[in-house]
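Residue numbers (the UniProt record's numbering): 1 to 401.
Hints listed in this document are in silico derivations from the structure and should not be mistaken for laboratory results. Backbone N, C-alpha and C define an ideal beta-carbon position, used for all residues, glycine too. Some clues are possibly wrong.
Computed spacing ranges between beta-carbons, pair by pair [to be verified]: (1) 214 to 132: 24 to 30 Å; (2) 364 to 295: 46 to 52 Å; (3) 314 to 337: 25 to 31 Å; (4) 254 to 299: 15 to 21 Å; (5) 389 to 358: 44 to 50 Å; (6) 384 to 345: 53 to 59 Å; (7) 269 to 315: 51 to 57 Å; (8) 192 to 344: 51 to 57 Å; (9) 89 to 282: 50 to 56 Å; (10) 337 to 109: 55 to 61 Å.
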Amino acid sequence: MRLFTGLPIRGSLRFTRYFSGARLCGKSVINTKNEGQSRLDDLNVRTMKSPRSSQNLSKNLRRAFVPHFNLTRYNFRDDLESVLLKCLKVKSCTTVTTAESYDLSKCIALLHSQGFQPVSLIPDEIITFRHHCNGSTGDIMILGQSGSIICWGFDEATVNQNILKLVEDARTNPLNPDEFESEDMDYVELENKLQLESVQLESANHAAVKYLETSLLVGDLILINSTDPGAGLLHKAAFSSGFSRSTKLAVLENAMERHIVETRIITEKVSKGVRLNLKRGDALKSIGRLFLIRGKLNLYSELIETPDLYWSEPQLEKIFKETSKYLDIGPRINILNSKLDYSTEETRALMGVLSEKNSTVLELIIIYLIAFELCFELYHFYERYWLDSKSQLDQKKEHET
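Can you build the whole structure from these sequences, using the hints too?
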C-alpha cells in the first residue's frame with residue numbers, strides 16, 4: 001500500500017488517496033456545498049499546533065496537513081499518538097540555524113571553559129552535551145556543517161536567551177538575528193522499560209505496539225525510544241539532521257525572497273519602458289548572489305543528499321528520510337531551484353541589455369573619434385593644398401611683376 005499526496009488545496013488541505021494495487025481503498029476529499037460537511041465528518045483531519053513564538057510564523061506552513069480516513073486499519077498511528085500523549089510527558093524540540101557553519105573544535109573548547117562535557121557524537125559533524133536550564137534538562141546537539149543547534153527539552157525562548165550564546169563565538173559567517181530560522185516540534189521519550197510496558201498496556205491496538213521498538217514520527221509527535229541510551233542519542237541525531245536541513249533550507253528560501261523583492265522593481269520598470277539607472281556592477285552582484293544561493297543549496301552542503309553516516313545505518317536513514325518528507329524538503333528544494341533558474345535567466349537578460357547599452361556607447365565613441373580624425377585630415381588637406389597653392393600663386397605674381 002502506498003500513500004500518494006497531491007497538491008495543496010487553498011493552503012490548508014491535501015488530497016490523499018490510498019491505493020492497494022488497482023483498488024481504491026479511500027475516498028477523495030470533495031469540498032462541495034452539499035456534500036462537503038458530510039465528507040469532512042468522516043475524516044479525522046490533523047491540524048498543526050499553534051506557534052510558540054512570532055519569530056517565524058511561516059515555519060508552520062512547511063508541514064503537510066494530511067487528512068486521515070476514519071478506517072480502523074489505517075488509524076493505528078492516531079491511536080498510538082493519543083496513548084503516548086496520555087502516558088508520557090510531552091517536551092519541546094527546538095532547532096535554530098544561526099550561521100553558515102560552526103567550528104566544532106572551537107565549540108568544544110568554549111563548552112569546556114564553561115563547565116560542560118561535550119561529546120563528539122559523529123566526528124567532525126555533530127557534538128552533544130547535557131544542559132540544565134530553568135528546571136529542564138535535555139540534550140543539546142550542534143551540527144557543524146549546517147550551522148544549527150538542536151535543543152531537546154527546551155522551548156524557543158529558552159534557546160534564544162540561554163543556549164545560543166554558549167557557542168556564538170564559534171560561528172562561521174554568522175547570520176543577523178532577524179535572519180535566524182527555527183523549527184519546533186513536540187516529542188515524547190521512552191526512557192526505561194517501565195514506561196514502555198505502561199504504553200503497551202494502555203494501547204488497545206496491538207498492531208501499533210511493534211512501532212514502540214524504535215524511534216519514529218507518530219503524526220505530529222516525535223517518539224524517541226531511549227531504553228538503549230546510545231541508540232536513543234543516535235536517533236535524536238538523525239531527527240536533528242532532518243530538522244536542521246529544514247531550517248538551513250529556510251535561510252536560503254528567505255535569501256531568495258529578498259532577492260526577488262529587490263529585482264521585481266527593476267523588472268516592472270523594464271515592462272513599462274522606463275529608463276534603467278542600473279550599473280553593470282549591480283547586475284554582476286545580483287547574479288553573484290544567485291550563484292552563491294545555488295552553491296549553498298547544491299554544492300557546498302548536504303541539503304540535496306543523505307549524509308554518508310545514514311547509508312550504513314538503515315534505521316537512522318529511515319528516520320532522516322521520514323523527517324525530511326514530513327517537512328517537505330524535496331519539493332521545497334525543487335521550488336527553490338526553479339526560482340533560481342528563473343531569476344538567473346532574468347538577471348542575464350538585464351546584463352544583456354546593459355551590455356547592448358555599453359556597446360552602443362562604445363560605437364558612439366568610435367564614431368566621434370572617426371569624426372575628429374576626419375576633421376583633422378581635412379584641416380591638413382586645407383593646409384597642404386589650399387594654403388600652399390595660394391602662396392605659390394602669390395609668389396608667381398610677385399615674380400612676374
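Each hint, compared with the structure:
| no. | hint | result |
| --- | --- | --- |
| 1 | 214 to 132: 24 to 30 Å | 28 Å, holds |
| 2 | 364 to 295: 46 to 52 Å | 38 Å, violated |
| 3 | 314 to 337: 25 to 31 Å | 29 Å, holds |
| 4 | 254 to 299: 15 to 21 Å | 19 Å, holds |
| 5 | 389 to 358: 44 to 50 Å | 46 Å, holds |
| 6 | 384 to 345: 53 to 59 Å | 58 Å, holds |
| 7 | 269 to 315: 51 to 57 Å | 55 Å, holds |
| 8 | 192 to 344: 51 to 57 Å | 54 Å, holds |
| 9 | 89 to 282: 50 to 56 Å | 55 Å, holds |
| 10 | 337 to 109: 55 to 61 Å | 38 Å, violated |
Hints 2 and 10, counting from the list given before, are not met by this structure.
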